[in-house]
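Residue-level listing of the chains:
Protein chains: 2
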Amino acid sequence: MTLVESDRADDRSDAIAILQRCERKLDREDHSYRFAISGSPGVGKSTFIEALGMQAIKAGHKVGVLTIDPSSSISHGSILGDKSRMTQLSNSQEAFIRSTGAGDVLGGLGRRSMELMTLLSAAGYNLILLETVGVGQSEHTTWQFTDGFVLVIQPGAGDELQGIKRGITELADIVVVNKADSDLVQLAKIAKAQYQTALHFFSSTREGWIPKILTCSSIENVGIDDAWEALRLYIAYLDQQQTKKQDRVRQKLNWLTWSIRLTAQELMTRHPAIQQKMEAGKNEIKLEPSTAFNIEFEIENLMHDLLHSTDSPAKPT
Amino acid sequence: MTLVESDRADDRSDAIAILQRCERKLDREDHSYRFAISGSPGVGKSTFIEALGMQAIKAGHKVGVLTIDPSSSISHGSILGDKSRMTQLSNSQEAFIRSTGAGDVLGGLGRRSMELMTLLSAAGYNLILLETVGVGQSEHTTWQFTDGFVLVIQPGAGDELQGIKRGITELADIVVVNKADSDLVQLAKIAKAQYQTALHFFSSTREGWIPKILTCSSIENVGIDDAWEALRLYIAYLDQQQTKKQDRVRQKLNWLTWSIRLTAQELMTRHPAIQQKMEAGKNEIKLEPSTAFNIEFEIENLMHDLLHSTDSPAKPT
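So the protein sequences, as listed, match chains A and B. Residue 169 in the working numbering is what sits at position 173 of the first sequence, and the numbering runs on without skipping anything. Residue 72 in the working numbering is what sits at position 76 of the second sequence, and the numbering runs on without skipping anything.
Treat the hints as calculated values from the structure; they're not laboratory data. C-beta: ideal position from N, C-alpha, C; glycine also. Please note that the accuracy of each hint is not assured.
[Said to hold, decoys possible] Taking CB as the label site, the calculated pair distances span:
1. A:I14 x B:R228: 24 to 34 Å
2. A:A276 x B:E280: 40 to 50 Å
3. A:A119 x B:D222: 29 to 39 Å
4. B:D243 x A:H304: 34 to 44 Å
5. B:R266 x A:A5: 47 to 57 Å
6. A:A276 x B:D221: 20 to 30 Å
7. B:S2 x A:A119: 40 to 50 Å
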């Protein structure tokens, strides 16, 4: 996993070789079900993953978890590692937890989440839970890479249904109203009812599946059996569809588009001519701030030139 | 604004000319204060902006608002425009609201937010409120472009303080616990107390400013005067610092880095050789899914070749 997440050029071809071996194995038999566990910060995703994962292990599954390590964007120091947040799961022989530092998170998910899911699946983890943080856009990205989408919300947010939440809610196969404990039990029930009503207005994204909605308390371990039952039903639905091969192809195509966009950005901004022009431009802005938009335009044109100075497609590699 | 947000190549140079004229004016005198209004979806940012904006207008300000239009990421249909969400502000002569469609939002803010802030400032809007959605990364981006950072949270999330919220909270100059109404009044007070305690542990990002924290109900218009008072104090602090010129330069440099990265991505992925290779690669993946990671590697190498086939820096434009 460290090799696959490495940025070093000489690690890349080794990583690719391992990944292709795993992919060949998975092409023959892939028993994994991959779920995105998504929601705003603070809704209790980690606690939910811990509780759900333990339930899945009891049902005989091997659980692979990809989480985002909560760390500061300024100091880059993480306060609590995910292993200390998910104590039960991390002590279980049937689970594997991999944390990606928030610094390597792009648009709400890890840069190499897809590759890590491949490794986990090939290693026999058949229930994969991919934690995502974010809003519409990043949730949509993650949705494209996974088999099922679990949206975790907290009570008291239901009144915002008409707003931006729609973009997220209509992706959800299962909606979990977490924190249905102490003062929030009543509000959780209201939120559930509101989402239940709202779901009628959304066009379902999967044919033949009606999104499930439920309340639970991950901390008090109440309602986690309902959540697992919803996942189990969804897995049964997937099995019945018999579309895993097509699903994996679609997910890989989506992942390719996403990944290539990020690579493009990295390579271009590291090009010596661009870097040189950037440095010069920054100095100019310091002297004459009103030139900023002009300088951006000039760099844009330089990028154009760099890319189009080669008329014929590059030689095969 | 439409010109500045346009993607058309022949609009770009006109847009740049207008922007530079505005920038020259602002270099002479810039009376604008630019605030990021940030928070997870559902915390009531729009309602808060509406209430705060009206309060600022009463105090003699002209208010420019840049919002994100809540729209579906699948159907691309927005349910409610921001003008219908901010009815009072949009009817005021002293306010200007510009909505960016969620489809044009990258990393939690609009692609051309910086440029739009320049236009608003040059047009005399001296209080600029820039709505941002997202998690650590995007909030950090927005923080780099603005003079002050207002974090809006909702009650009941305080227990997650140790987690991912830190990355956001330490950016905040003002923390607003919104929705302090009906069932949530007590929880709002608890959240305020928890954040107040937590703020002691954060290294302040601005010398000489102690972050303010307050509760309010935007819907019931309670506590909005406190919120405005906090902004007023922060503006007084900014005036006292007398660093606006340096601040604007720093913000422009940050914006240049961010903007150029996105441009790099757009130009590279639209290059004919890359597009051709992408199409061929996608077809190969459909036939032989296990080649996906290999194909990504090949495209990466092609990008390398395209950029480095020109040995000398490109000719000046």
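Results of checking the hints against the structure:
Checking the proposed 24 to 34 Å range against A:I14 and B:R228 shows it is violated: the Cβ atoms sit about 59 Å from each other. In this structure the supplied range 40 to 50 Å holds for A:A276 paired with B:E280, their Cβ-Cβ distance being about 41 Å. For A:A119 and B:D222, the Cβ-Cβ distance of about 54 Å falls outside the hinted range of 29 to 39 Å, so the restraint is violated. A beta carbon spacing of about 37 Å between B:D243 and A:H304 agrees with the range 34 to 44 Å that was offered as a hint.
For the hinted restraint 47 to 57 Å between B:R266 and A:A5, the CB-CB distance of approximately 25 Å leaves it violated. Roughly 48 Å separates the CB atoms of A:A276 and B:D221, a value that falls outside the hinted 20 to 30 Å. A beta carbon spacing of about 49 Å between B:S2 and A:A119 agrees with the range 40 to 50 Å that was offered as a hint.
Hints 1, 3, 5, 6 from the list above are not met by this structure, while the remaining hints are.
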